[in-house]
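Chains as they are written, first to last, in numbering that gives the first Met the number 0: chain A, 0 to 506; chain B, 0 to 312; chain C, 0 to 390.
One or more hints might be untrue.
Unchecked claim - In silico SDA-like links for lysine to any residue, alpha-carbon gap of 20 Å or less:
1) A:366 - C:224
2) A:330 - A:253
3) C:153 - B:288
4) A:179 - A:217
5) C:339 - B:278
6) B:240 - C:358
7) B:240 - C:154
8) C:339 - B:274
9) C:183 - B:110
10) C:183 - C:259
11) A:366 - A:417
12) A:125 - A:178
13) C:21 - A:394
14) B:111 - C:233
15) C:153 - A:253
16) A:69 - B:255
17) A:221 - A:381
18) B:111 - B:219
19) A:366 - C:153
20) A:349 - A:381
21) C:21 - C:259
22) A:250 - A:443
23) A:349 - A:304
24) C:153 - A:304
25) C:183 - B:274
26) A:340 - C:358
27) B:309 - C:224
28) A:197 - A:217
29) A:113 - B:190
30) B:309 - C:187
Said to hold, decoys possible - Chain A residues, not near chain B, derived (Cβ > 10 Å throughout):
31) 96
32) 103
33) 105
34) 215
35) 252
36) 277
37) 362
38) 441
Hints in this document: simulated from the structure, not taken from any laboratory. Note that the structure is predicted; figures quoted are calculated from it, not measured. Don't be surprised by glycine CBs; every beta carbon is placed ideally from N, CA and C.
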Amino acid sequence: MKALELKGITKQFPRVLANDHINLSIEKGEIFSIVGENGAGKSTLMKIVYGLYTPTSGEIYVFGKKVNMKSPHDAIKLKIGMVHQEFMLIPRFTVTENIVLGDEPRKGIVFDFKRAVKEIREISEKFGLKVDPLEKVANLPVGIQQRVEILKILRRGAEILIFDEPTAVLTPEETEDLFKTLRALKKDGKTILFISHKLKEVMEISDRIAVLRRGKLQGVVKKEETNERELARMMVGREVVLEIPRVKVEKGPVVLSVRDLAAKDHRGILKLKGVSFDVHAGEIVAIAGVEGNGQMELVNSLIGFTRPVKGKIVLNGEEMKLITPYNVRRKGMAYIPEDRKRRGLVLPFKIRENIIMGQHTLYPFSKGGILNDKVINEFATKQVEEFDIRPRDIYINAGNLSGGNQQKVILAREMAMKHNFLLASQPTRGLDIGAMEFVYKHLIEEKKKGIAILLISLELSEVLGLADRILVMYEGEIVGETVPEETNEEELGMMMLGIKRKERLVQ
Amino acid sequence: MNLLNLSIAQMFDFAAPILFAALGGVVSENAGVVNIALEGIMRFAAFFGVWGAFIGKNPWMGLLWGLLIGAAVGALHGYISVTWAGDQIVSGVAINVVAMGIITYLLEFVFKTTGYSPPVPYFGAAHYRVHISFISKIPILGAFSNLTLLVWFSLIAVGLIHFMLYHTVLGLRIRAVGENPHAAETLGVNVMKIKWFATILGSVLAAFGGISLSLGTLSSFTNAMPMGKGFIGLAAMIFGKWTPIGALLASLVFASAQIVQLLLQGMASGIAKQIPLGFYLALPYLLTIGALIGVVGRAVPPASDGIPYKKEG
Amino acid sequence: MMAMDIFRRIFFGRKEEYWWMKILVPITSIFVALIVGAIFIWSTGRSPVLAYKYLFGASGLVPGPYFKQHFAEMLLSSSMFIATGLAFAIAAKGGLFSIGAEGQFLVGAITAAYFGYAKPFASMPTLIHLTVIFVMVMLAGGIWGAIAGWLKAKMGIHEVITTIMLNWIALYLIEDWLVTGPMKANVETGVSGTPYVSETAKLPIILKGTRLNISILIIIVVAYLTWFLLYRTTFGFEIRAMGYTLIYNMDAPRAAGVSVDARITQTMFVSGAVAALGGAFIILGVLFQFPPVFEGGYGFDGIAVSLIGQNEPLGVFLAGILIGGLRTGATAVQLAHIPKTFPSIIEGLIVAFIALQELIRYLLMKLLVHKKNNTVSGGSDEKAVSGGVAK
């Protein structure tokens, strides 16, 4: 039986044709993946299926019946549920409140919280998705937040579940958990639409895979009849090299030295519990670990957002006394932030403004506090060209760029800054293959130039591919040190979960 | 009544308009609609309240007129900032400025005066007060023996709004809309309807505040009304961290600072007499800043407060 | 079209689609507000034609009898509205919602009055005396503004609260302490309020036979400097970067090395200093003393002026001229038996229609642009954050 059929779906935005006559038919009880690069039209298509967008033309059939959805409300009634890429959760609300919102158990006008909690307990039991109904969502790790999202749609009786890039924010363990859940749901007879650009995961979980490129359907393939390479070619339209080339660079002197560094998070909980390590010139040191094990506090201490409770940071032979972003940057630190929209860019600023932010007080961009527009424009034009930022218009707002191009603006800015240490915190988060390739290329370039790089990453393949040395963090401590040649994903995974420790003498 | 009870009673009189305004802000901003038009709405309601009481020859008619105009002005704010997703601050400023001009105009048009209206029947009159004579002699509790209806309304409103926001389905939805309207929308909550409701209710509460000014302890409208009480209410809302009970406490802090000012001024002798009037008058405002430094940390508004909501697609 | 294109290049940079909307929307708002105002007057049984005839006849905005006088008075009051308008705009660009111009204006006024009459200064030559006064005025107003900024940066107290409180504190300390106490004029002279400022502290007249003085020239320079500060300096760059991130609680400028806390205080200092200028103008050019009862409101009108001018220095300047004109014509409307607060109704209505600019833009688009797609602000696949910044 067909759960969902799309016939000739087209969505025309004022300037973009996001979906171009898409035909798909999805069987009940299958896990159906839709892959494509950012901007290929996956999200638009799913928003149409979920009633958030109305298609310009085309027909949708749900369980054989032609439907006409005007809002998510209609989709919910048709038993379609969606887990959005950016979670639709209210951090200040409890798990229970988040799940029942919009369909609350009530006594008259009163919200029956007790009954709601009971319902959540039952439904969480039924689907094997453990949550604490009374906990505030803000206090939950991302993986559990996603669970809340899934429970939300299951409680509404969803039969077709759409997951929009669900693994983008998850750790490897959380991803494994999610896949277990997806398989269990499939067994239960639910139909699952899985949107992703991570081909490895798609190959692991799907029954069938549809590939989108620039709004057009490139084809639908069975998992057994394809491989990652073929999918990548269909997605990008050319052969893609997924391997990261190994480059050997002579190790230079110590650039960053961290000793016994400890720091608290914004709620005052000690999250970083005394770490020590060195980063040499021309070396990429990777910090591997499950999210929330002190990486954020390490980054914040290094960049000057958090005042460490103890320990010292020595950058270029000088102990940093008053650590502020301004000071560390003057001392030669560049920073690729983990959240480019919040920390990397001022979204309503133009490219030309974002690309000099941080260097704007320096000559030649300004002199005596007065900006030199001519120099800025020349620089911006040059960088936009060199870093292949599209569109090639320095007057466009950063907020109107795609994720990949936003990251390129940050790279173009940070690379141009005078630095010999680069703090790269999850530099490929949420990027598609093309953009990832681009970031890797530039990190290796940096290394060749003799820059010391501290890479913080949740992606093991990235860590193994790029790093010269790997430090594993668990619960705020470094529990292992190794080199890529002497380890593998499995061993790293065990260390990340604190099951295994490994010391390696620093030569 | 002894001085303590009298002072406490007077504190509630002072607090009522501020509290109503603050509650109006609480309701509206919990749904994500910033309403700095509170000041203007109070002015509209204070005048229309007097006008209504003048025509109807009783304060109830005044109350009705005041609330109706409050709802109407709230609807204007809703139309601009909810329906058309206009800038809520700009809309609020507009209403405040219009209120300034239009009420002066109407004061002259209706009562043919420029400074203040003639006296009208008001809620402060003895037979409109709530007498609870058996507690009148008890310290502190006695303060509640002879309050006006409007003061009681303001206290009851705190309870009702607390109940609504935190214990009803509607309240859950209001807060959800203020935190993350897109999330609420995907769950089938009618965001626009909720925002409209909160805007109107918030404005009606502010209107109560305006009426407390002109028909509470006074019996006429003066052209200076509401003398910044709406803005103080806004401050009380922030001070009270966007909660009804917080708003109550903040309003009482502010009102008691004013009582302290009056007492000090009245009792001043010796050196205290040398202290100029200006310091006494500025005291409540200084105390408010001091209280904020000392007591309250960073207050966090609802996450989507003030951000115009537009439907996708 | 050539001239239009040059105009666009100068004021709007390049490549903005329908850039002319930025001008047309405020103009339409003003026009519609005047129509609604007319309907209001008509509904109260008076003549809108007469009202507008008197209002604009005496506004100094259109030529007519006694134009020179009206024109001078208009510029005189405009300079004060522009000062408070710019003050609001500067803070708003930095994401700070300052209601404090009213208090800063008063602080500026009392400072100007003091240094205007105080003995050691009163004997200085005009140029030096005025320089001293203006430096002190801007310093005092700046500090008054910076207090609110500092309280926000260090203590996290919302600037709306502190600026409101500081307004009242300024008012009471000035009116019920300074003016009636330490700064009281000698009783025998029969003057109430502070003593009059010395001749050397009076702003030089630039149009003979009127009260028009150099305040308008000063404010033109200040408006230009504000624009320069915001768009041509690193400080302005940081203010604008902060503006967005403060509202949405984001960290990008901080991560790039901008000291956001310091900038908040500094921005409020500049804002306060500019507002205080307005206070100096009224003392040194109109009143020549601080009177016992001060008719304020310039600070609050500054918010409206800034909003009408879209928080841009040039816009604030033009809006200030308009509001100054309407206020100058205010007394004349009484001849049509209309209260002199009528112009503030118009002012409020203009702001209301500015708030409704989405609607006006939509209607103008329908009227003027005949395109296939009727979506004005089109969406795209990538969720772009925009708007909501200009507050």
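The hints, checked one at a time:
1. The straight-line distance between the Cα atoms of residue 366 of chain A and residue 224 of chain C is roughly 17 Å, inside the 20 Å bound, and the hint therefore holds.
2. Straight-line distance between C-alpha atoms of residue 330 of chain A and residue 253 of chain A comes to about 14 Å, which keeps the hinted pair within the 20 Å bound.
3. In summary, the hint linking residue 153 of chain C to residue 288 of chain B is supported, as the alpha carbons are separated by about 13 Å, within the 20 Å threshold.
4. A threshold of 20 Å between alpha carbons decides the hint, and for residue 179 of chain A with residue 217 of chain A the separation of about 29 Å lies outside it, so the pair is violated.
5. Annotation: proposed proximity of residue 339 of chain C to residue 278 of chain B is violated, straight-line Cα distance about 34 Å (limit 20 Å).
6. Annotation: proposed proximity of residue 240 of chain B to residue 358 of chain C is violated, straight-line Cα distance about 33 Å (limit 20 Å).
7. Between residue 240 of chain B and residue 154 of chain C, the direct Cα distance comes to roughly 15 Å. Compliance with the 20 Å bound is thereby established for this hinted pair.
8. Taking the CA atoms of residue 339 of chain C and residue 274 of chain B, the gap is near 39 Å; set against the 20 Å cutoff, the hint is violated.
9. Simply put, residue 183 of chain C and residue 110 of chain B have alpha-carbon atoms about 38 Å apart, too far for the 20 Å limit, and the pair is violated.
10. A C-alpha spacing of about 42 Å is found between residue 183 of chain C and residue 259 of chain C, which places the hinted pair above 20 Å, so the restraint is violated.
11. Among the hinted pairs, residue 366 of chain A with residue 417 of chain A is consistent with the structure: their alpha-carbon atoms are about 17 Å apart, no more than 20 Å.
12. Under the criterion of a C-alpha separation no larger than 20 Å, the hint pairing residue 125 of chain A with residue 178 of chain A is consistent with the structure, at around 17 Å.
13. The hinted pair formed by residue 21 of chain C and residue 394 of chain A meets the criterion: a straight-line CA distance of about 18 Å does not exceed 20 Å.
14. Between residue 111 of chain B and residue 233 of chain C the CA atoms are separated by roughly 56 Å; this puts the pair beyond 20 Å, and the hint is violated.
15. A hinted pair counts as satisfied when its Cα atoms are at most 20 Å apart, and residue 153 of chain C with residue 253 of chain A does not qualify at roughly 37 Å.
16. Our distance criterion of 20 Å between C-alpha atoms is broken by residue 69 of chain A and residue 255 of chain B, whose separation comes to about 54 Å.
17. Proximity of residue 221 of chain A to residue 381 of chain A is assessed by CA-CA distance (about 45 Å); at most 20 Å being required, the pair is judged violated.
18. Note on residue 111 of chain B and residue 219 of chain B: the hinted pairing holds, with a Cα-Cα distance of about 14 Å set against a maximum of 20 Å.
19. Taking the CA atoms of residue 366 of chain A and residue 153 of chain C, the gap is about 30 Å. The hint is violated against a cut of 20 Å.
20. For a cut-off of 20 Å, the pair hint linking residue 349 of chain A to residue 381 of chain A stands: about 15 Å separates their Cα positions.
21. Distance restraint check for residue 21 of chain C and residue 259 of chain C: the Cα-Cα separation of roughly 30 Å exceeds the 20 Å cut-off, and the hinted pair is therefore not satisfied.
22. Restraint check: the Cα-Cα separation between residue 250 of chain A and residue 443 of chain A comes to about 14 Å, which is no more than 20 Å; the hinted pair holds.
23. Between residue 349 of chain A and residue 304 of chain A, the direct Cα distance comes to roughly 25 Å. Violation of the 20 Å bound is thereby established for this hinted pair.
24. Of the pairs offered as hints, the one joining residue 153 of chain C and residue 304 of chain A holds, with about 15 Å between alpha carbons and a cut-off of 20 Å not exceeded.
25. Only pairs whose Cα atoms come within 20 Å are accepted, and residue 183 of chain C paired with residue 274 of chain B is accepted, the gap being roughly 16 Å.
26. With a C-alpha separation of about 30 Å, the suggested pairing of residue 340 of chain A with residue 358 of chain C is violated against the 20 Å cut-off.
27. Straight-line distance between C-alpha atoms of residue 309 of chain B and residue 224 of chain C comes to about 37 Å, which puts the hinted pair past the 20 Å bound.
28. Under the criterion of a C-alpha separation no larger than 20 Å, the hint pairing residue 197 of chain A with residue 217 of chain A is consistent with the structure, at around 17 Å.
29. For the given pair, residue 113 of chain A sits about 25 Å from residue 190 of chain B by alpha-carbon distance, which is inconsistent with the 20 Å threshold.
30. This hinted pair does not check out: residue 309 of chain B and residue 187 of chain C have alpha carbons roughly 66 Å apart, beyond 20 Å.
31. The Cβ of residue 96 of chain A does not lie farther than 10 Å from every Cβ of chain B; its closest approach is about 6 Å, which violates its non-interface assignment.
32. A beta-carbon of chain B is positioned within 10 Å of the beta-carbon of residue 103 of chain A; the least distance is around 5 Å.
33. With a least beta-carbon separation of about 5 Å from chain B, residue 105 of chain A fails to lie farther than 10 Å from that chain, contradicting its non-interface assignment.
34. No Cβ of chain B comes within 10 Å of the Cβ of residue 215 of chain A; the nearest lies about 21 Å off, and the non-interface call holds.
35. With 10 Å as the threshold on Cβ separation, the claim that residue 252 of chain A sits away from chain B holds: the shortest Cβ distance comes to roughly 43 Å.
36. Distance check on residue 277 of chain A: its Cβ is at least 37 Å (rounded) from any Cβ of chain B, clearing the 10 Å threshold; non-interface status holds.
37. The claim that residue 362 of chain A is not at the interface with chain B holds, since no C-beta of that chain comes within 10 Å of its own (minimum 38 Å).
38. No Cβ of chain B comes within 10 Å of the Cβ of residue 441 of chain A; the nearest lies about 34 Å off, and the non-interface call holds.
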